[in-house]
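Protein chains: 2
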Amino acid sequence: MGSPLGCGWESEGLLVQPLPTIDAHTRALNQGSPLIIIGGAEDKEREKSILKAFLARAGGSEARLLLVPSASSMPEILAEVYRLLFVQLGAASVEVLNITNRFEAELDENVARLHNSTGLFMTGGDQVRLCKLVAGTALARAMQQASTAGRLVIAGTSAGASAMGECMIARGYSGEPPKRNIVELSEGLGLLKDVIVDQHFHNRNRLPRLMTAVASQPHCIGIGIDENTAVVLHGDGILEVIGEGTVTVVDGSELVYNTINDIQSYQPLSVGNFRIAVMAQGLRYNLRERQTL
Amino acid sequence: MGSPLGCGWESEGLLVQPLPTIDAHTRALNQGSPLIIIGGAEDKEREKSILKAFLARAGGSEARLLLVPSASSMPEILAEVYRLLFVQLGAASVEVLNITNRFEAELDENVARLHNSTGLFMTGGDQVRLCKLVAGTALARAMQQASTAGRLVIAGTSAGASAMGECMIARGYSGEPPKRNIVELSEGLGLLKDVIVDQHFHNRNRLPRLMTAVASQPHCIGIGIDENTAVVLHGDGILEVIGEGTVTVVDGSELVYNTINDIQSYQPLSVGNFRIAVMAQGLRYNLRERQTL
Numbered sequence: 001m002g003s004p005l006g007c008g009w010e011s012e013g014l015l016v017q018p019l020p021t022i023d024a025h026t027r028a029l030n031q032g033s034p035l036i037i038i039g040g041a042e043d044k045e046r047e048k049s050i051l052k053a054f055l056a057r058a059g060g061s062e063a064r065l066l067l068v069p070s071a072s073s074m075p076e077i078l079a080e081v082y083r084l085l086f087v088q089l090g091a092a093s094v095e096v097l098n099i100t101n102r103f104e105a106e107l108d109e110n111v112a113r114l115h116n117s118t119g120l121f122m123t124g125g126d127q128v129r130l131c132k133l134v135a136g137t138a139l140a141r142a143m144q145q146a147s148t149a150g151r152l153v154i155a156g157t158s159a160g161a162s163a164m165g166e167c168m169i170a171r172g173y174s175g176e177p178p179k180r181n182i183v184e185l186s187e188g189l190g191l192l193k194d195v196i197v198d199q200h201f202h203n204r205n206r207l208p209r210l211m212t213a214v215a216s217q218p219h220c221i222g223i224g225i226d227e228n229t230a231v232v233l234h235g236d237g238i239l240e241v242i243g244e245g246t247v248t249v250v251d252g253s254e255l256v257y258n259t260i261n262d263i264q265s266y267q268p269l270s271v272g273n274f275r276i277a278v279m280a281q282g283l284r285y286n287l288r289e290r291q292t293l
Numbered sequence: 001m002g003s004p005l006g007c008g009w010e011s012e013g014l015l016v017q018p019l020p021t022i023d024a025h026t027r028a029l030n031q032g033s034p035l036i037i038i039g040g041a042e043d044k045e046r047e048k049s050i051l052k053a054f055l056a057r058a059g060g061s062e063a064r065l066l067l068v069p070s071a072s073s074m075p076e077i078l079a080e081v082y083r084l085l086f087v088q089l090g091a092a093s094v095e096v097l098n099i100t101n102r103f104e105a106e107l108d109e110n111v112a113r114l115h116n117s118t119g120l121f122m123t124g125g126d127q128v129r130l131c132k133l134v135a136g137t138a139l140a141r142a143m144q145q146a147s148t149a150g151r152l153v154i155a156g157t158s159a160g161a162s163a164m165g166e167c168m169i170a171r172g173y174s175g176e177p178p179k180r181n182i183v184e185l186s187e188g189l190g191l192l193k194d195v196i197v198d199q200h201f202h203n204r205n206r207l208p209r210l211m212t213a214v215a216s217q218p219h220c221i222g223i224g225i226d227e228n229t230a231v232v233l234h235g236d237g238i239l240e241v242i243g244e245g246t247v248t249v250v251d252g253s254e255l256v257y258n259t260i261n262d263i264q265s266y267q268p269l270s271v272g273n274f275r276i277a278v279m280a281q282g283l284r285y286n287l288r289e290r291q292t293l
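Sequence lines, in order, name chains A and B. Sequential numbering from 1 applies to the first sequence in our numbering. Sequential numbering from 1 applies to the second sequence in our numbering.
Just so you know, not all the hints are guaranteed correct.
As a list, the in silico SDA-like pairs of lysine to any residue whose alpha-carbon atoms are at most 20 Å apart [what the hints assert, rightly or not]: (1) LYS52/A x ARG64/A; (2) LYS48/A x LYS193/B; (3) LYS193/B x GLN267/B; (4) LYS48/B x GLN267/A.
To be clear about the criterion: a stretch of chain B counts as covered by chain A if any three or more of its residues have a C-beta under 8 Å from a C-beta of chain A, and this derived list gives those stretches [to be verified]: (5) 170 to 183; (6) 266 to 278.
Treat the hints as calculated values from the structure; they're not laboratory data. Predicted, not measured: the structure shown is a model, and the values here were computed from it. Using N, Cα and C, we set each Cβ at its ideal position, and we do this for glycine too.
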């Protein structure tokens with residue numbers, strides 16, 4: 001644990017009772033273009049409403065899409081699945097950028113391909129694999145800059161969603177109460193500040209691990225996204241829910257106790273009080289004010 | 001759904017935006033003797049700390065225990081397991097009261113056996129089975145009265161824990177976001193007012209169903225208890241956590257929105273903000289004030 005971004009257990013001086021006041025206003029999150037953060041298993045066969053929502057925001061019939069399948073162990077196959085989908089949905093062009101080593105993620109020609117695109121889509125797989133290849137590279141910086149400048153709509157599903165954060169959930173376990181060893185944090189792509197994303201959320205019993213992650217980084221807000229569900233995060237910090245399931249927001253800004261730095265990693269955690277909101281399609285949430293709209 | 005106690009979806013006039021103010025002070029919960037509410041799978045082989053805690057409060061070496069295994073489909077076997085355990089732990093006497101029909105739960109001689117006891121232990125199984133046999137009978141009333149009068153320490157594990165509430169979770173599902181059809185509520189034994197108990201809690205991914213139950217009955221507070229973990233609920237409404245896991249308190253008294261009565265049972269629920277506390281051994285919570293101590 002521990003990373004250059006201070007994402008890890010050891011690097012924070014949390015706990016203590018009473019807890020320090022958390023600034024309930026998160027830092028500027030993304031700015032500029034919306035981010036589309038998808039909880040995995042997005043419907044690819046029927047309505048395809050989430051994929052359509054991404055495509056519409058990335059330019060619709062004018063969209064020039066770039067697919068990044070590098071989280072996957074079968075990147076070519078997965079890229080072809082999404083390529084066909086977006087072609088059928090009417091994108092002007094759909095290209096694949098399959099980064100297989102960090103050198104490729106530093107190449108000017110690959111950065112240039114990103115600058116020629118209006119939308120970038122990161123597939124599922126393993127977020128650690130994706131970030132080992134891309135985090136901290138010229139490509140990652142170009143993604144951040146193009147998004148902030150309002151020139152690139154970025155979407156990610158499953159691992160591609162988790163990877164968006166500055167701090168991300170690398171791995172975790174379910175079926176246990178909150179304790180340090182049920183979640184491992186690492187450095188993500190940095191598109192989202194002060195936000196920790198989790199996916200396949202209620203489907204895979206991930207609320208305890210997201211609560212644990214927020215307990216360890218209480219300046220961050222946790223966002224758990226169900227399958228077939230997505231967050232459209234606008235540049236002003238307004239989160240909008242679309243799809244069939246729910247988005248769960250875990251806000252630790254009012255924690256009154258938190259034993260995460262007092263206990264061994266295998267011991268159960270005491271932490272309260274979280275403020276937890278569950279939101280279905282149509283609800284919106286202001287991440288800066290930490291309030292439902 | 002729907003019951004004489006108003007426990008059910010149809011019987012409440014919840015929702016509406018803004019929500020009515022919930023009285024954050026629960027009704028008198030139990031009074032008198034402590035209740036020992038166990039999340040299932042309590043350690044029977046090693047430390048046996050939860051069983052010892054019950055025995056100590058029920059009189060220790062002076063304890064006259066009554067086992068009620070009626071939730072189980074194998075009541076004789078389960079009763080014998082616990083009988084041997086409590087005999088080995090030093091109880092003065094351990095008897096079995098296996099109610100198999102409601103007639104037996106009305107018999108004076110069975111009520112008299114309860115009045116001769118200092119502790120009563122309800123096993124796991126199916127809480128619906130137990131309540132069909134016992135809820136609303138002379139035996140259930142005698143349990144309530146003896147507990148309130150401080151003459152009987154009542155413990156229940158798993159189904160025996162869920163059954164304690166006036167309103168109980170009869171059945172539920174996991175792996176889905178909160179929606180009405182992931183939990184079914186029915187009438188319990190009535191030992192606990194304004195409290196909904198859930199068990200095997202983080203082990204079986206039950207936080208979404210407990211949040212849903214509290215969304216439907218927001219005057220109730222939800223208590224989710226992990227395996228090998230118990231709540232000692234004192235007569236003054238102070239809850240104390242013992243055991244290896246955690247107890248999760250779901251407080252809906254500050255909900256700002258709740259769509260439970262606006263949606264179909266299969267649609268995902270929007271509800272926020274819950275206040276959620278996770279507590280390991282040693283932490284205490286005041287159910288009347290809804291505050292950690």
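Are there hints from earlier that the structure breaks, and if so, what are their numbers? 2, 3
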